[in-house]
Amino acid sequence: MATRTPRRIVKALLAPALALGATVGLASAPAQAAVWNSCDQWGNTTLNGYILYNNIWGSGAGSQCIWANSGTNWGVRADHPDTGGIKSYPNAKKVINKPLSSLASLTSSYNVTVPSSGAYNTSYDIWDTDYDYEIMLWVNYNGAVGPLGTAQGSVTLGGHTWNVYKGNNGANEVFSFLRTSDSTSGTVNILPILKWIKDTKGWMGNETIGDVQFGYEITSSSGGLDFTTNNLTVSSS
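Numbering (mature numbering (1 follows the signal peptide of the UniProt record, and there is no 0)), first residue to last: -33 to -1, 1 to 204.
Quick caveat, the hints were computed from the structure, so don't treat them as lab data. All residues carry an ideal CB built from backbone N, CA and C; glycine is no exception. Each hint should be verified, as a subset may be incorrect.
Here are the simulated DSBU-like cross-link-like pairs (lysine-lysine), alpha carbons at most 30 Å apart as the crow flies [unchecked claim]:
# : residue 1 : residue 2
1 : K133      : K162
2 : K65       : K165
3 : K165      : K133
4 : K162      : K65
5 : K168      : K65
6 : K133      : K65
7 : K133      : K168
Cβ pair distances, simulated, as ranges [unchecked claim]:
#  : residue 1 : residue 2 : range
8  : D193      : G52       : 30 to 36 Å
9  : S26       : G169      : 31 to 37 Å
10 : D166      : S26       : 36 to 42 Å
11 : T96       : S152      : 27 to 33 Å
12 : T117      : N36       : 36 to 42 Å
13 : W170      : V62       : 31 to 37 Å
14 : S150      : N36       : 19 to 25 Å
15 : S189      : S69       : 44 to 50 Å
16 : N198      : A118      : 16 to 22 Å
17 : S72       : G52       : 35 to 41 Å
Kindly generate the complete structure, drawing on both the sequences and the hints.
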């Protein structure tokens, strides 16, 4: 798996100020009329309390366009070459900004339509406010992709069974949870996963959870592939 440092830097320092960044490639948004669409490398907007972000951050990327009917119904068409290394992570982000100890609940439901070809994962990307810790929850994946770090065994948490990996990309700790079977819809109880990392494993302290992102980490999608988030909700208390 390619280093994740570039995307961390982009998210921490550049977004969303670069909403008017350069257009990348010539991919087109879907035929349906969308409330918003963008083919800009860093194209972003806010809808219904979610921040949508095209986020073409990796080297050797092709073209990609994002569209949205709402903050919870959106998608991308991506045409990235069949080469190694992550090219993009188009996503919808919900800001949390609560210390882990003060969270009573943190849950999310997802329903997606993903291609049968290409190399990608559909994942949650959860960050603390200082960007010291990254928690990834892969709900499905396809092709030559894999997590950063070393295997830590499996665990059943939040309504799913995961294979767990722990690593470091030189900028932050990365904890990856890969669902043991692919899923295109479901509900994840995120809070028990975060508490397991903190309390059971002691891998992090009482961090302030900054945001929960959900999207598609795309390595290759040669010829143009569609990734659709039919519905997404993230809620916390």
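Against the structure, the hints come out as follows:
Among the hinted pairs, K133 with K162 is consistent with the structure: their alpha-carbon atoms are about 16 Å apart, no more than 30 Å. Taking the CA atoms of K65 and K165, the gap is near 15 Å; set against the 30 Å cutoff, the hint holds. At roughly 13 Å between alpha-carbon atoms, K165 and K133 fall within 30 Å of each other, so this suggested pair holds. Between K162 and K65, the direct Cα distance comes to roughly 14 Å. Compliance with the 30 Å bound is thereby established for this hinted pair.
Proposed proximity of K168 and K65 is supported: the alpha carbons are some 21 Å apart, at most 30 Å. Using a Cα cut-off of 30 Å, the hinted pair K133 and K65 holds, with the two alpha carbons roughly 24 Å apart. Simply put, K133 and K168 have alpha-carbon atoms about 11 Å apart, close enough for the 30 Å limit, and the pair holds. For the pair D193 and G52, the supplied restraint of 30 to 36 Å is violated, since their beta-carbon distance comes to about 21 Å.
Checked against the hint of 31 to 37 Å, the C-beta distance between S26 and G169 comes to roughly 35 Å, which is consistent with it. Our hint of 36 to 42 Å for D166 and S26 holds, since their Cβ atoms are close to 38 Å apart. Take T96 and S152: their Cβ atoms lie about 30 Å apart, and the range 27 to 33 Å holds. The supplied range of 36 to 42 Å is met by T117 and N36, whose beta-carbon atoms lie about 40 Å from each other.
Judged by the Cβ atoms, the range 31 to 37 Å given for W170 and V62 is violated: they are separated by roughly 23 Å. Between S150 and N36 the beta carbon distance is about 23 Å. The supplied range of 19 to 25 Å therefore holds. Taken as a hint, the range 44 to 50 Å holds for the pair S189 and S69, whose Cβ atoms sit roughly 45 Å apart. For N198 and A118, the Cβ-Cβ distance of about 32 Å falls outside the hinted range of 16 to 22 Å, so the restraint is violated.
Remark: the range hint 35 to 41 Å for S72 to G52 is upheld by a beta-carbon distance near 36 Å.
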